[in-house]
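> Read off the chains here:
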Amino acid sequence: QKEVEQNSGPLSVPEGAIASLNCTYSDRGSQSFFWYRQYSGKSPELIMSIYSNGDKEDGRFTAQLNKASQYVSLLIRDSQPSDSATYLCAVSDSSNTGKLIFGQGTTLQVKP
Amino acid sequence: SQTIHQWPATLVQPVGSPLSLECTVEGTSNPNLYWYRQAAGRGLQLLFYSVGIGQISSEVPQNLSASRPQDRQFILSSKKLLLSDSGFYLCAWSLNLGYEQYFGPGTRLTVT
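The listed protein sequences correspond, in order, to chains A and B. For the first sequence, counting from 1, position 82 maps to 82 in the numbering used here; every step adds exactly one. For the second sequence, counting from 1, position 65 maps to 65 in the numbering used here; every step adds exactly one.
All the pointers check out, no bait thrown in.
Calculated lysine-lysine pairs in the DSSO-like style (CA-CA distance at most 30 Å, straight line):
{"no.": "1", "chain 1": "A", "residue 1": "Lys111", "chain 2": "A", "residue 2": "Lys56"}
{"no.": "2", "chain 1": "B", "residue 1": "Lys80", "chain 2": "A", "residue 2": "Lys42"}
{"no.": "3", "chain 1": "B", "residue 1": "Lys79", "chain 2": "A", "residue 2": "Lys42"}
Anything over 12 Å on all C-beta distances counts as not near chain B; from chain A, calculated:
{"no.": "4", "residue": "Ser12"}
{"no.": "5", "residue": "Gly16"}
{"no.": "6", "residue": "Thr24"}
{"no.": "7", "residue": "Gly59"}
{"no.": "8", "residue": "Arg60"}
{"no.": "9", "residue": "Ser69"}
{"no.": "10", "residue": "Pro81"}
These are computed hints drawn from the structure, not numbers from a lab. On a predicted model such as this, the values are computed, not experimentally measured, just so you know. No residue lacks a Cβ here, since even glycine has one placed at the ideal position from N, Cα and C.
Take the sequences, apply the hints, and build the full model.
Here's what the structure looks like:
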């Protein structure tokens with residue numbers, strides 16, 4: 001059973017701090033990695049994609065990938081109350097079916 | 001740009017009644033289409049995916065079925081709903097297998 005593991009949280013950070021969200025995956029052949037943000041009652045929204053080892057930055061968001069350790073992370077700098085949401089990590093299934101395997105999500109709370 | 005629609009937005013149905021949820025994508029051709037269910041406080045469960053008209057792959061044996069009568073239309077159906085079918089149903093599309101998936105606004109189904 002291919003799995004994606006995330007700490008469910010909640011992760012609580014003060015406004016302006018760096019939030020660090022982590023994800024591990026079991027499928028060593030996964031090639032694509034994604035972070036989605038889901039506000040309560042809404043559908044998931046893609047915020048970051050990463051395909052190669054290292055860091056990828058987009059505004060206040062940085063995704064980090066380490067395929068050897070099967071580890072993906074998302075850093076949110078200068079956290080804002082509007083960042084309070086559940087963050088879902090997803091990785092591609094190496095069986096070439098096109099499926100993504102989602103983690104259960106980490107709930108982030110940014111306190112003013 | 002691409003847009004994905006789902007309807008209805010909310011639905012309350014009695015146990016044993018039929019179900020039909022519709023998803024339509026605009027602005028792209030031959031998308032890969034997916035149906036997910038998210039139970040309250042739970043992760044995303046992939047139900048069906050389709051790589052082309054008439055091509056449906058089922059992930060979880062259950063009383064649901066899916067059809068793709070047109071290139072950009074994906075329908076989720078049931079002949080008789082169970083209480084356990086309650087949840088948030090999400091349709092998603094992608095251009096390439098194993099890459100970014102984009103979600104529709106979802107249908108919240110309550111089976112009473």
